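Residue strings, one per chain:
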Amino acid sequence: MSDNNQTPRDDSARFGARNSSDSGLVERLLTAAGPGPEIPEGGADRIKAAIRTPWKNEVAVAARQRRRLWAGGLAAAAAVILAVVVVPRLHRGDLSIEADAITLVVADGGLEVTPPGSTVSFLGPDNAGAIVPDGSLVRTRGDHRAALRLTGGQSLRLDDDTVVRLDSERSISLDSGAVYISSADGSGPGVEVRTALGTATEIGTQFEVRLEHDTLDVKVREGLVSLTRGVEEYQINHGIRFSVDSEGAVTTASITSWDPAWAWTQEVAPAFAIEGRSALAYLDWVSAETGLSVTFADATVEKAAATTLLHGTIEGLAPNETPAAVLPTCGLTADEEPGVLLVRTIDSNTR
Amino acid sequence: MRETYREDRKLVRRLVRGDERAFDAFVDEYYPRLYRFAYTRVGRDEATAEDVVQSTFTNVISKIGSYRGEAALFTWLCTFCRYEIAAVWRRRGRRGSEVELLEDSPDSRAALETLGVLQENTVARFESEELARLVWAVLDHLPISYGNPLRWKYIQGLSVREIAARLGVSSKAAESQLTRARQAFRDGFAAVAGE
Numbered sequence: 001m002s003d004n005n006q007t008p009r010d011d012s013a014r015f016g017a018r019n020s021s022d023s024g025l026v027e028r029l030l031t032a033a034g035p036g037p038e039i040p041e042g043g044a045d046r047i048k049a050a051i052r053t054p055w056k057n058e059v060a061v062a063a064r065q066r067r068r069l070w071a072g073g074l075a076a077a078a079a080v081i082l083a084v085v086v087v088p089r090l091h092r093g094d095l096s097i098e099a100d101a102i103t104l105v106v107a108d109g110g111l112e113v114t115p116p117g118s119t120v121s122f123l124g125p126d127n128a129g130a131i132v133p134d135g136s137l138v139r140t141r142g143d144h145r146a147a148l149r150l151t152g153g154q155s156l157r158l159d160d161d162t163v164v165r166l167d168s169e170r171s172i173s174l175d176s177g178a179v180y181i182s183s184a185d186g187s188g189p190g191v192e193v194r195t196a197l198g199t200a201t202e203i204g205t206q207f208e209v210r211l212e213h214d215t216l217d218v219k220v221r222e223g224l225v226s227l228t229r230g231v232e233e234y235q236i237n238h239g240i241r242f243s244v245d246s247e248g249a250v251t252t253a254s255i256t257s258w259d260p261a262w263a264w265t266q267e268v269a270p271a272f273a274i275e276g277r278s279a280l281a282y283l284d285w286v287s288a289e290t291g292l293s294v295t296f297a298d299a300t301v302e303k304a305a306a307t308t309l310l311h312g313t314i315e316g317l318a319p320n321e322t323p324a325a326v327l328p329t330c331g332l333t334a335d336e337e338p339g340v341l342l343v344r345t346i347d348s349n350t351r
Numbered sequence: 001m002r003e004t005y006r007e008d009r010k011l012v013r014r015l016v017r018g019d020e021r022a023f024d025a026f027v028d029e030y031y032p033r034l035y036r037f038a039y040t041r042v043g044r045d046e047a048t049a050e051d052v053v054q055s056t057f058t059n060v061i062s063k064i065g066s067y068r069g070e071a072a073l074f075t076w077l078c079t080f081c082r083y084e085i086a087a088v089w090r091r092r093g094r095r096g097s098e099v100e101l102l103e104d105s106p107d108s109r110a111a112l113e114t115l116g117v118l119q120e121n122t123v124a125r126f127e128s129e130e131l132a133r134l135v136w137a138v139l140d141h142l143p144i145s146y147g148n149p150l151r152w153k154y155i156q157g158l159s160v161r162e163i164a165a166r167l168g169v170s171s172k173a174a175e176s177q178l179t180r181a182r183q184a185f186r187d188g189f190a191a192v193a194g195e
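Respectively, the protein sequence lines represent chains A and B.
All residue numbers in the first sequence are consecutive under this note's numbering, ending with 351.
All residue numbers in the second sequence are consecutive under this note's numbering, ending with 195.
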């Protein structure tokens, strides 16, 4: 790029005095152009009003299509089980498998795994349960995501375009992208996530570490995370989003446990094995995965949830999709309000 | 640009899943852009531009699940908008070519998705109105994370601190974002201007 001395025709009049700086030229262009045509006041609201209903209809149709795809061939079984059975769009393995090795639980697309001293292999949705050796370099590309189970029982989830190295059973190096750690089921020692901008160590928690645009972003959903950067140490409580850039500038903000920023983690959440479990235990899992507090319309509803046993499987459904499939089989339904999943009996909901 | 599509894909994925915040963000971010896009192509008729944008959103929302992220979401939306604009001109018994703009040429449309290098004297080749239109077109085709900070800084006159607050980042991070945004703008403008 050069700023030569050819004097354009009315340049100085239109763009002010010549300035060779990068920001000067851009500023002059933008200032000369002005704000553009005035945007009609309330226009966006009118658009929302016009398309909200068609949008919701499309969302409902898409959800029905997903379920219809999964339900084929299982109609007979559905007659003798309480919970809805679906064929998975993803293979979501059970968290309890392969206790002494790192294993693939969910692959939403492909996962590249390069074990130490070996060549890259590709794991897909059909490889749930495959062992991922210690020291492997693991990469998700494009829209692909994955969930691994660490030897301590924690769930390690990789967002798209993420590169990590599994240094040891409790240490991960994040090169780029984002990982989410969930040890909400009471698992082993704290996992540390090392990055070029600091090391985050969990202290019994659910949290995300994201390294993008030269900024380290740590969001804590539950519990507490310790972040060390050289001699500095920060304790990050749940509900806090902590960011530090390569210059060391720190910013913090609050984040709720149900913020949309957590939504991607549900897409690769390991399935909850509902067979023989109570609706209450299932709802605890929904709460942990969605960040919503589960409340009951009254004590009768809570008692019904505690005493109703579920059968079947919810594989293939993201956690936030499952209440609509599972609760009606127990005579229950749920309304989502900000931060809360309110569970009622179907009758009380319709009154 | 790859980063743009990734964010676009995420937004669409949330929309398809029924996320209300994604719905609001989708309309709030793209309504002004599409309005500016339509306005300059329907003879600067405000009512017609609004109608065109509403028809565009109505058509788009029923097909939103078909967006694959192979182009920027705004580029994809513009494709729908162009059909609506062409329909307006057909109804008026005129051809759309009467309002063909420099940024509508195949080269410029391709350039909006590619990179170039802006020379200072490039800007001198354009009349003020044409220049303004090109600037808006480039701004609207930039990733939102670039276009918005540039508007806030140079058109609305916000300070870096205020921009940082809007972005939810530190002042230093906002300054870095502005630097990247300026570079993206220069590249995009140079490409569209045919440098």
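Calculated from the structure, these hints are not laboratory results.
Remember, it's a predicted structure, so these values are computed and weren't measured experimentally.
It is possible that some hints are incorrect.
[To be verified] Just a sample of chain B residues kept apart from chain A, beta carbon distances all over 12 Å, derived:
1) 9
2) 21
3) 71
4) 75
5) 90
6) 144
7) 162
[What the hints assert, rightly or not] Below, computed lysine-lysine pairings styled on DSS-like, alpha-carbon distance capped at 30 Å:
8) B:10 with B:63
9) B:63 with A:48
10) A:56 with B:172
11) A:56 with B:10
12) B:63 with B:172
13) A:48 with B:10
Even glycine gets a Cβ: it sits at the ideal position worked out from N, Cα and C.
To see whether the hints hold, each was checked on the structure:
A Cβ of chain A approaches the Cβ of residue 9 of chain B within 12 Å, the least distance being about 6 Å, so the stated non-interface status is violated. A Cβ of chain A approaches the Cβ of residue 21 of chain B within 12 Å, the least distance being about 5 Å, so the stated non-interface status is violated. No Cβ of chain A approaches the Cβ of residue 71 of chain B within 12 Å, the least distance being about 15 Å, so the stated non-interface status holds. With a cut of 12 Å on Cβ distances, residue 75 of chain B stays outside the contact zone with chain A, its closest approach being about 18 Å.
Distance check on residue 90 of chain B: its Cβ is at least 23 Å (rounded) from any Cβ of chain A, clearing the 12 Å threshold; non-interface status holds. Non-interface status of residue 144 of chain B relative to chain A is upheld: no Cβ of that chain comes within 12 Å, the nearest being about 14 Å off. For residue 162 of chain B, the requirement that its beta carbon stay farther than 12 Å from each beta carbon of chain A is met, with the minimum near 14 Å. For a cut-off of 30 Å, the pair hint linking residue 10 of chain B to residue 63 of chain B stands: about 16 Å separates their Cα positions.
The straight-line distance between the Cα atoms of residue 63 of chain B and residue 48 of chain A is roughly 16 Å, inside the 30 Å bound, and the hint therefore holds. Of the pairs offered as hints, the one joining residue 56 of chain A and residue 172 of chain B is violated, with about 40 Å between alpha carbons and a cut-off of 30 Å exceeded. Note on residue 56 of chain A and residue 10 of chain B: the hinted pairing holds, with a Cα-Cα distance of about 18 Å set against a maximum of 30 Å. The suggested pairing of residue 63 of chain B with residue 172 of chain B is violated, with an alpha-carbon distance near 40 Å, which exceeds 30 Å.
Between residue 48 of chain A and residue 10 of chain B, the direct Cα distance comes to roughly 20 Å. Compliance with the 30 Å bound is thereby established for this hinted pair.
In this structure, the hints that do not hold are numbers 1, 2, 10 and 12, in rising order.
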